[in-house]
Each structure stands twice: as C-alpha cells, then as structure tokens.
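K.L.:
Residue-level listing of the chains:
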Amino acid sequence: MKTYPASEHVRDELVKGYPAKVAKKRLAQIVVNKKDETCEVPEIKANTRTIPGIISQRGCCYAGCKGVVLGPTRDIINLVHGPIGCSFYAWLTRRNQTRPEGPESENYMTYCFSTDIKDENIVFGGEKKLRKAIQEAYDLFHPKAIGVFATCPVGLIGDDIHSVAKEMKEKFGDCNVFAFSCEGYKGVSQSAGHHIANNQLFKHVIGLNDQPPEGKFKVTLLGEYNIGGDAFILEEIFEKCGLTLVATLSGNSTIGQFERAHTADLNCVMCHRSINYIADMIEKKYGVPWFKVNFIGAKATAKSLRKIADYFDDAGLKEKIETYIAGELAAVEKVAADVRTRCEGKTAMLFVGGSRAHHYQELFAEIGMKTLAAGYEFAHRDDYEGRNVLPKIKVDADSRNIEELDVEKDPQKFRLRATPEQMEARGVPHRDYEGMMPEMDNNTLVIDDISEHETEELLRIYKPDIFCAGIKEKYGIQKNGIPCKQLHSYDYGGPYAGFKGAINFYLEIDRMVNASVWKMLNPPWRKKDMPELEADYVKT
Amino acid sequence: MALLRHTKADMPEREALTINPAKTCQPIGAMYAALGIRGCLPHSHGSQGCCSYHRSTLTRHYKEPVMASTSSFTEGSAVFGGQSNLLQAIETIFTTYDPEIIAVHTTCLSETIGDDLVQIIGKAREEGKIPKGKRVIHANTPSYVGSHVTGFSNMVRGMVKCLSEPSDIRLRRINLIPGWVEPADMRELKRILDIMKIDATVFPDTSGILDTPQTGKFEMFPEGGVSVEQLVKTGTNCHTLALGPTASDLGRKELELKCGIPGETIELPIGLAATDAFIETLRKIGMVEIPKTIEEERGRLVDVMSDMHQYFYQKRVALWGDPDQLVSLTGFLCDLDMKPVYIVTDTPDPGFEERIAKVMNGRVSGAKVRQGQCADMFLLHKWIKEEPVDLIIGNTYGKYIARDENVPFVRYGFPILDRIGHSYFPSVGYTGGLRLLEKILDAILDNKDRTSLEESFELVM
Numbered sequence: 001m002k003t004y005p006a007s008e009h010v011r012d013e014l015v016k017g018y019p020a021k022v023a024k025k026r027l028a029q030i031v032v033n034k035k036d037e038t039c040e041v042p043e044i045k046a047n048t049r050t051i052p053g054i055i056s057q058r059g060c061c062y063a064g065c066k067g068v069v070l071g072p073t074r075d076i077i078n079l080v081h082g083p084i085g086c087s088f089y090a091w092l093t094r095r096n097q098t099r100p101e102g103p104e105s106e107n108y109m110t111y112c113f114s115t116d117i118k119d120e121n122i123v124f125g126g127e128k129k130l131r132k133a134i135q136e137a138y139d140l141f142h143p144k145a146i147g148v149f150a151t152c153p154v155g156l157i158g159d160d161i162h163s164v165a166k167e168m169k170e171k172f173g174d175c176n177v178f179a180f181s182c183e184g185y186k187g188v189s190q191s192a193g194h195h196i197a198n199n200q201l202f203k204h205v206i207g208l209n210d211q212p213p214e215g216k217f218k219v220t221l222l223g224e225y226n227i228g229g230d231a232f233i234l235e236e237i238f239e240k241c242g243l244t245l246v247a248t249l250s251g252n253s254t255i256g257q258f259e260r261a262h263t264a265d266l267n268c269v270m271c272h273r274s275i276n277y278i279a280d281m282i283e284k285k286y287g288v289p290w291f292k293v294n295f296i297g298a299k300a301t302a303k304s305l306r307k308i309a310d311y312f313d314d315a316g317l318k319e320k321i322e323t324y325i326a327g328e329l330a331a332v333e334k335v336a337a338d339v340r341t342r343c344e345g346k347t348a349m350l351f352v353g354g355s356r357a358h359h360y361q362e363l364f365a366e367i368g369m370k371t372l373a374a375g376y377e378f379a380h381r382d383d384y385e386g387r388n389v390l391p392k393i394k395v396d397a398d399s400r401n402i403e404e405l406d407v408e409k410d411p412q413k414f415r416l417r418a419t420p421e422q423m424e425a426r427g428v429p430h431r432d433y434e435g436m437m438p439e440m441d442n443n444t445l446v447i448d449d450i451s452e453h454e455t456e457e458l459l460r461i462y463k464p465d466i467f468c469a470g471i472k473e474k475y476g477i478q479k480n481g482i483p484c485k486q487l488h489s490y491d492y493g494g495p496y497a498g499f500k501g502a503i504n505f506y507l508e509i510d511r512m513v514n515a516s517v518w519k520m521l522n523p524p525w526r527k528k529d530m531p532e533l534e535a536d537y538v539k540t
Numbered sequence: 001m002a003l004l005r006h007t008k009a010d011m012p013e014r015e016a017l018t019i020n021p022a023k024t025c026q027p028i029g030a031m032y033a034a035l036g037i038r039g040c041l042p043h044s045h046g047s048q049g050c051c052s053y054h055r056s057t058l059t060r061h062y063k064e065p066v067m068a069s070t071s072s073f074t075e076g077s078a079v080f081g082g083q084s085n086l087l088q089a090i091e092t093i094f095t096t097y098d099p100e101i102i103a104v105h106t107t108c109l110s111e112t113i114g115d116d117l118v119q120i121i122g123k124a125r126e127e128g129k130i131p132k133g134k135r136v137i138h139a140n141t142p143s144y145v146g147s148h149v150t151g152f153s154n155m156v157r158g159m160v161k162c163l164s165e166p167s168d169i170r171l172r173r174i175n176l177i178p179g180w181v182e183p184a185d186m187r188e189l190k191r192i193l194d195i196m197k198i199d200a201t202v203f204p205d206t207s208g209i210l211d212t213p214q215t216g217k218f219e220m221f222p223e224g225g226v227s228v229e230q231l232v233k234t235g236t237n238c239h240t241l242a243l244g245p246t247a248s249d250l251g252r253k254e255l256e257l258k259c260g261i262p263g264e265t266i267e268l269p270i271g272l273a274a275t276d277a278f279i280e281t282l283r284k285i286g287m288v289e290i291p292k293t294i295e296e297e298r299g300r301l302v303d304v305m306s307d308m309h310q311y312f313y314q315k316r317v318a319l320w321g322d323p324d325q326l327v328s329l330t331g332f333l334c335d336l337d338m339k340p341v342y343i344v345t346d347t348p349d350p351g352f353e354e355r356i357a358k359v360m361n362g363r364v365s366g367a368k369v370r371q372g373q374c375a376d377m378f379l380l381h382k383w384i385k386e387e388p389v390d391l392i393i394g395n396t397y398g399k400y401i402a403r404d405e406n407v408p409f410v411r412y413g414f415p416i417l418d419r420i421g422h423s424y425f426p427s428v429g430y431t432g433g434l435r436l437l438e439k440i441l442d443a444i445l446d447n448k449d450r451t452s453l454e455e456s457f458e459l460v461m
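Protein sequences appear in the order of chains V and Z. 1 is the number of the first residue of the first sequence in the working numbering; add one for each residue after it. 1 is the number of the first residue of the second sequence in the working numbering; add one for each residue after it.
Think of the hints as simulated: they come from the structure by calculation, not from any bench. Do not take every clue at face value.
[Unchecked claim] Label pairs and their in silico Cβ distance ranges:
no.	chain 1	residue 1	chain 2	residue 2	range
1	V	Glu8	Z	Asp194	34 to 42 Å
2	V	Ala397	Z	Leu3	55 to 63 Å
3	Z	Pro388	V	Asp432	52 to 60 Å
[As the list claims (entries may be wrong)] DSS-like mimics (lysine-lysine), calculated; alpha carbons at most 27 Å apart, straight line:
no.	chain 1	residue 1	chain 2	residue 2
4	V	Lys519	Z	Lys217
5	V	Lys25	Z	Lys123
6	Z	Lys8	Z	Lys385
7	V	Lys370	Z	Lys217
8	V	Lys21	V	Lys2
[What the hints assert, rightly or not] Incomplete in silico selection of chain Z near chain V, CB under 7 Å:
no.	residue
9	Leu4
10	Cys108
11	Leu272
12	Gln314
Built from N, CA and C at the ideal position, the CB exists for glycine as well.
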C-alpha cells in the first residue's frame, strides 16, 4: 500500500504557488471530505468565478447551452449568431451519436451553421444578417425547427435575437424558431448555459404535443447526451425492461420527443447539473415527478432500474426488471473479477464535468480501484453536498442574471402522477440527489474547478494510477507517465452506460493502467542499474 | 444513408448563412503563433470559452499539452471592461506559472467593449505586476475580422511591434517568418537553412513545443521555440524572408517599418516550383552556392513525379483550407498534371483568386475558386455533387464528404483531429513534397485496389 501525506497538508501544498488572495479563495474550493452518520459533509465553495490567469478546465455559457444541451438533437438547425469560431469549435466535437430513423430523415448534426458576423455587423448591428441567414436555412432545408444562439459580441451590440426568432417563426408558420441568449460571458462556466437552454426549451418546445407514445410505463430520460452511444445502450435496456421512453434530453433525440416530454409518468435525471431545471419545471407545470438515476456502473444501473420498478409499483414490471438484471450481471461480474486481478488496489482521480466525476467512481470501485480525489468542473454545491443544501445556497451576482422561470400548474394539462406520500410508501425518493461527497471516503480530497497547477501538484504528491479529465488536460498528465482517461469524449471509445458499458469501461481501464508503454519511458541507458561503460570503449 | 444527407447539387447560393466553414476565428491563430516563443504563455483576453475551445482544438490537432490562460470575463467585465481581469491575470500568471513572457490576444468580446491592451499592460507594469526581465506582448485579434490565419499574422506582427529593437548593426543573419505551418515544417526549414549555411532566426517556431518527447516529466515550457532574446535581436538581422503572404507579410512589413530591414514575401515552399523559388531566394539572400544535398533532394522529388505520373495525370481534385497552403498546393498539383478544379477558403483574402490564377497559369480550364463569405465546405461539396472529383485534399472535416462521395481523401491543413503525422513529418521543401506525393498516391492507389475488378487487380503499380 502506498502511503500519502495527510490530506490537510496536501490542501496547503496545492495553493502554495498562488498569490495570497488567490490561495485564500482556492482554499474554500478545496475540501477534505468528512462525513458523519447523517451524511453531513463539509461545505464547499462552488459555481463561483474562476480567477483570471488561472488555467482552468472550464468553458463558457454558450458551450453549455449549444454544445451540451441542444447539440445532440438531430433535426433542429442550430444556428450560431456570431463570429465563425464559436460554431466551428462546437462542430461535431462532442461525440453525441445519433441514429436517424431512415435514409431521408433529418440530421443536421454533421453540419455547422453560423452567421459569421463581420466588423460591419458589430458596428451597424447583426439582426439583418441573422434574419437573412434564418431565411436561407429555411429555404435550403425546410427544417422543423431552428435554434439561434447568441455569442459574446451579439449581447453587447444589442441584437434582439428573440424578436427576430419570433418574427421568422410567424412568417414560416411550419418551423419553430427560438433563440438562446447564451453569450459566453454569462455566469461562471458552462453551467449558466445549461440553465438558459433548459428555460428556452421549456418555454418554446416542451408541451407542444400532448400525445404520448403507446406504453404502460412511460419514462423520460433527462440529462443523457449519448456520448459514445450511451443513450443507445439505455434505449435497449428500457425496451427490454418494458419501459417506454417518451423522450431523451437530449441524446439521440428529435424535437418531436421534446414536444411530448411532459407526457411521461416519470422523469429520470442522469446529469443532475445540466437538466434539473427542466425536471423541476415539468413537475410544477405538468405533475410528473422526478428522481435521480445513475446508469454508470453495473450496481448503479441495477439500483436505478429497481428504483423505477418501485415507482411504478407493478409486480410484472418488477419481475421483468429483476430477470433482466440477473441476466446481465452474470456477464458483468465475470469480466469485473478478471479485471480486478490486475487493477485491485490501484488509484484514480476524477476531475470533470458536473456529474461524471461522481458517477464514474462507481465503475472504478467495481474493479477494486480507489478514488483518492475528485471534483467537478462546473457543478454547484448541491452536486457536491446534496440537494438538502439548496436552501442555504446564496445566489451571487453572476447567477442572479440567469433567468429563473416562474412556473405554475397548467390548469388543463397538470396531472399529478404520484404524490410525495405515495412515493414514500413505495420506498422511492423524490427530487433526490445526495451529491458526490456523501459517497466518497473520509479524508479524500474534493476540489472544485481544479486548476492546471493543482493538477500537477496532485500528480506529484499522489502519483495515481489513472487520472480522469478532459482533452485539455490529457496530454500534460500523460507526459508525467500517468494515463489520462477523458470522461467528456471517452477517448473516442464507449459506450460506458449500463451493463454492457460497464464491461467496456473495466476493459478500457485495464488496458490503460497496465499498458506496456508506461514501462518504456526511460531508455535503457538511463536506467539506474546500467553498468558504467568500460574505459576501453570510451573515446577520449 | 449519408452523413451530409442534406447537401444537394441544385442548391441556391447563400449570402448570409455559412455552412461547414473552411476557416475559424483569429484568436486561435494568435495562440498558435504565441506557442512558438520559448517560455511563453499565450493569454486570451475574453470569456473562458474562447481559451477552452482554442486549447481543445490545438490539443486534438497535436495530441500535445497546449497551455494558455484566460481573463475569464463575467457579465460584469463585459459591462465595465476587462482591465481588472487582465491585471489580476498577469499577476496570477507570473506568480503561479512563471513564464518568460505572456502573449495577450484579444477576442470579439474584449474588442467590442474596446479594452485598450497597451494601456492595461502599461498599468500592470506601473503597478509592478510584471517582474523584472519578464515581458508582456499583445495583438489585437477580433474574431469578426479575417480568420485564424489573420490571427496568426497579427500575433507575428505583435512580436515585432513589442519585441524587435531597431539597431544600426546589421548581422549576416536573416529573419525567416515561416507562416502557419506545422512544427515539423519549421524544423525542416531550419534544416534547409543549416544545410545552406544561412544563419537565421525562425519565428514563430513551434518545433520542440508542440512535438515534445515523452520523458515521464511534463514541462510546462519546453525548450523549443524562438527565444525572447532572439526576437529582440530580429532588428539587427540583415534581411527578412516571409513565407506565405496571408500569414507572414504583415510581420515582414512591420520589421521593415520599425527596424528598416529589407526583405520579401514569397509563396510557401510546398511542392516543386514553390520550393525552387524558396531555394533560389535563399541563394540570393545568403549569397551561397546550392549544396549538393539540396539538389539531390530535388532530384528525388522529380524522380517520383516522373515515375508515378500516370496516376496523377488529369485527376480532378477539390481543395479547401488556408490561402497560403492552397496557392502552393494548387501549383504543385498542376505540376503533376492534376486538375485542381474546386478551391475554397472562407478566409477573406482579396488577392487569393489572382494568386491561384498565377500558379495555375491556364492549366486548369473551368476551375471554380472562391474566397471569403460563404466560400465554405458546403459550397465545395455542392460543386462535387454537380460534377465529381477523383481526390479531395483538406482538413479532417473532409472525411464526411469522402465517405458520402466515396472519394479518396488526403488530410492536409488545420485542423487534423483524427490522424497523426502532420506534426512530425514536414510537407515543405523537396522532402516535404515527397511526403505529399506519398500521401496522394496512397489515397489514389488504395482506392484503386479497393474498387478495381478482380481480373484487373494489379500486383505491381
């Protein structure tokens, strides 16, 4: 067993290189995990500004809105209003897979649309060009919907993208046009963009079609973006278990699914951070309860399926789900046992996203690997400490400007599917998310918005066997001789959801931590036990 | 099934809607150029997303660490200006990461609100936030002007503006501005200069920075690149040779204006004729004989051109990318008796069509060439749908066209996100020309092997 310095000491080490004021702020975002019997955990500062100059993992509001939430839907034309870069960088880079119904079905995900505004638009305004671009998109493709996304300068020059969208929607009559004020400077990370995307989808799309698909147990899956085919796996699981998927937000989805998303009897939330707003709003307006699920990890998948079965409280469904789980778990356990022989006792760190750093700890645990430290890139306190801290979270200046929709019961469409009392009687939680920290060991480090500098220090102090992060961090970490698994893009692998996904992940981690290359970094002549050259061979 | 299923031959022209652009925005070019200075941390003065997107794209292209920082604008900074963000950033960066130099570039956000970098950096200096001996340089790179190539060009000019010192001394040493080429190309250019015995300061120079060896130890500031000291001394060199007018002319002109250094701008040395012109220019500037090694390298390239001519002859090619690369590549393809029939770049460059016409020299009838607004990959694909081609050459995004149209594809340009090689093997010079020929032949002949009838499947080609 490796031994490590005390976590409190490491915490001080991490901030040593900063200016004093920076160190003070960072210390509030670096916490040594302590949990008592009631699962109370220490407070962590999150969803606050990144200090300028700090090399952060974070992106912007636009990335969270267009890239994350709206990106995976294939039949909406996502038109980015701004200079070319914003649309270019979000072009096919998030690996949201999609499977159009047929050869003629719409799929715009391989396309990149932009108004490519120029300096004259900055001076004289860009609305005219936007209007024209929307018209051209409509004339060329006749899509069902066009989403317009504002980038930084658009907000500053004051283009009224919402009026333009409304005007064009009315003009077309058969194409829903809606806009997102997701300028990159809003909020402190991608997180603000998630919220804005949630708001606009709720206002302009969800609720347009009250006709649910046929099915006895109707479920909507929220916050699953089909990276590497995860949603395909979940679609298969749901089908085999007899659950009807009304909509997925937004992996492998269509706008038609969004329009009927409120017609399910249960909303299952995968990525709490990016989609909890819609879950709450659908519940308030239409009466569909939600709870948190996690399909990353075999045990977590089984647990989530059982939760769904308990919610519907149907003996047939419960039996079907139990049979399915039993059938899948055998294969999973066989691979896990084999992989454990090579991975047991190894260590991992996870710093990524707003839910993955939590979810993926399950998979590591299943192959005997220990998580030493973890943290999110853009999460809020509730994702760390659990939703019970929500009343205690102070809204600061950066979050205050992100609109909170005032949602009321829809007098016609509201139908409460299950009361909190009924849910309690069935033993299922309601609007729950316990957060990451209660599930982590005591004395592990929890770090919000980790910086490049802190990453390097962690690697130096702990030398973990694997570090999970994103593309920007990957090669710096690997230059230290430590493999880095990307948990945004999955390193172009996956899927990792469900039982089949768990098997994929075990094998992938086995490959990475045991790769031969890590033993070859030093040339033979640099190895310590090399004999000195005999004098005869040395040229003088 | 098709990946780009909505692209059709008969689609009308567009004026406002760009689809599948053949360019990206200025700041990423500024970041790439700044990485070519030893000990430099590029800094993006704007929202976090810009820096994040640029680092991600460069990282995917190089499979290397790409370090850069950001002013992390919030809504407050967007309203009140980004001065305090940049001051804080400069202090944090020098304390925490300790680079030799910070190269700040602007974004559409900081340009729209009108942040004055000269004033802010001056203030940082007054307040003692820039340690003694350290530098902060800058370039204005609004994303709504030009393209990524313009950003590169502006940062190169920024190096001269902020660092080059005028001098009465003239050394027998030249400045070489290589243009936006790969680390391997910069390395190759230095090798050629070395063989020709010409002392030169090559800047920017990303070799040794974006192709670093795996040693088990991460270096935030690798040993490659051009040093700040060499950049300061560019004002004492006797001549400036700039490669690629779109990417490098601005830097050369600035050196002439600021330090009175004469020079010229020629096309990128890609392919035979452009490399001939490069070597000829070097011979004249350096007043040197052409070494035998260089002539032998040329001879090997011409040898392959003649040996494999039958596979190139009359093949129709579509190209997209950046003006400098496209001009020289077009000339090379024409020298191979290929037909580069469709060429687009979204980079606005009024002289582009004329430069293409010059290298084509009437050898390709009916070629469609376009630059600027809506000269994008959607237009190129539409042309291919109208009349097909035998080969496409461009960045990774071409793989969608290649698969849909079942057409051979050579990855060339920026970004290449799905293959390696571009950063390790040069495409400039005669040796680089050989690599291009190998790649083109591989694509064409692999396709021939895959599609030929069994009875005409060839062993020897």
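K.L.:
Now tell me if each hint is right for this structure.
P.N.:
Structure-based check of each hint:
Here the CB-CB span from Glu8 of chain V to Asp194 of chain Z is close to 55 Å, at odds with the stated 34 to 42 Å. As the Cβ distance of Ala397 of chain V to Leu3 of chain Z is approximately 44 Å, the hint placing it in 55 to 63 Å is violated. Checking the proposed 52 to 60 Å range against Pro388 of chain Z and Asp432 of chain V shows it holds: the Cβ atoms sit about 57 Å from each other. In summary, the hint linking Lys519 of chain V to Lys217 of chain Z is supported, as the alpha carbons are separated by about 14 Å, within the 27 Å threshold.
Taken as a hint, the Lys25 of chain V and Lys123 of chain Z pair is honoured in the structure, with Cα atoms around 24 Å apart against an allowance of 27 Å. For a cut-off of 27 Å, the pair hint linking Lys8 of chain Z to Lys385 of chain Z stands: about 7 Å separates their Cα positions. Between Lys370 of chain V and Lys217 of chain Z, the direct Cα distance comes to roughly 24 Å. Compliance with the 27 Å bound is thereby established for this hinted pair. With a C-alpha separation of about 34 Å, the suggested pairing of Lys21 of chain V with Lys2 of chain V is violated against the 27 Å cut-off.
With its C-beta approaching chain V no nearer than about 6 Å, Leu4 of chain Z sits inside the 7 Å limit, and its interface hint holds. Hint status for Cys108 of chain Z: holds, given a least beta-carbon distance of 4 Å to chain V, under 7 Å. Of the supplied interface hints, the one on Leu272 of chain Z is violated, with its beta-carbon coming no nearer than about 33 Å to a beta-carbon of chain V, more than 7 Å. With a cut of 7 Å, the hint placing Gln314 of chain Z at the interface with chain V is violated, because the nearest CB-to-CB distance is about 31 Å.
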